[in-house]
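Q: Sequence:
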Amino acid sequence: MDYMRFPTWQTLRMDAVREFDSKKSHVRIDRAKPAALQRAEQLKNATNEDDERLAIRGPLKCLRFLPKLYRKRRPLRVDQ
1 MDYMRFPTWQ TLRMDAVREF DSKKSHVRID RAKPAALQRA EQLKNATNED DERLAIRGPL
61 KCLRFLPKLY RKRRPLRVDQ
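Our numbering puts the first residue of the sequence shown at 1, with every later residue one more than the last.
Fair warning: there could be bad hints in the mix.
With a cut-off of at most 27 Å between alpha-carbon atoms, the simulated BS3-like pairs for lysine-lysine come out as follows [stated by the list, open to error]: (1) LYS24 <-> LYS61; (2) LYS23 <-> LYS68; (3) LYS68 <-> LYS24; (4) LYS23 <-> LYS44; (5) LYS61 <-> LYS23.
For the record, the hints were derived by calculation from the structure and aren't laboratory data.
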């Protein structure tokens, strides 16, 4: 797996993003979102975790957006 600075929530988020089956994706998103939200909540009071606090913002937006994408049934494209 890729190197991750914050594997507690990054691994779950990457699993959700990499899943292209919409049914499985919802399960993965449902696992990743609470983990990221819980960690973000913990970081609110942390004084020495600025890097992680900044790093978690984008993934939280992504995890909020993905279910909307699947509801609209838009196909995802992978250009690789």
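Q: Each hint: holds or not?
A: Against the structure, the hints:
| no. | hint | verdict |
| --- | --- | --- |
| 1 | LYS24 <-> LYS61 | holds (19 Å) |
| 2 | LYS23 <-> LYS68 | holds (13 Å) |
| 3 | LYS68 <-> LYS24 | holds (15 Å) |
| 4 | LYS23 <-> LYS44 | violated (32 Å) |
| 5 | LYS61 <-> LYS23 | holds (20 Å) |
Hint compliance for this structure: hint 4 alone is broken.
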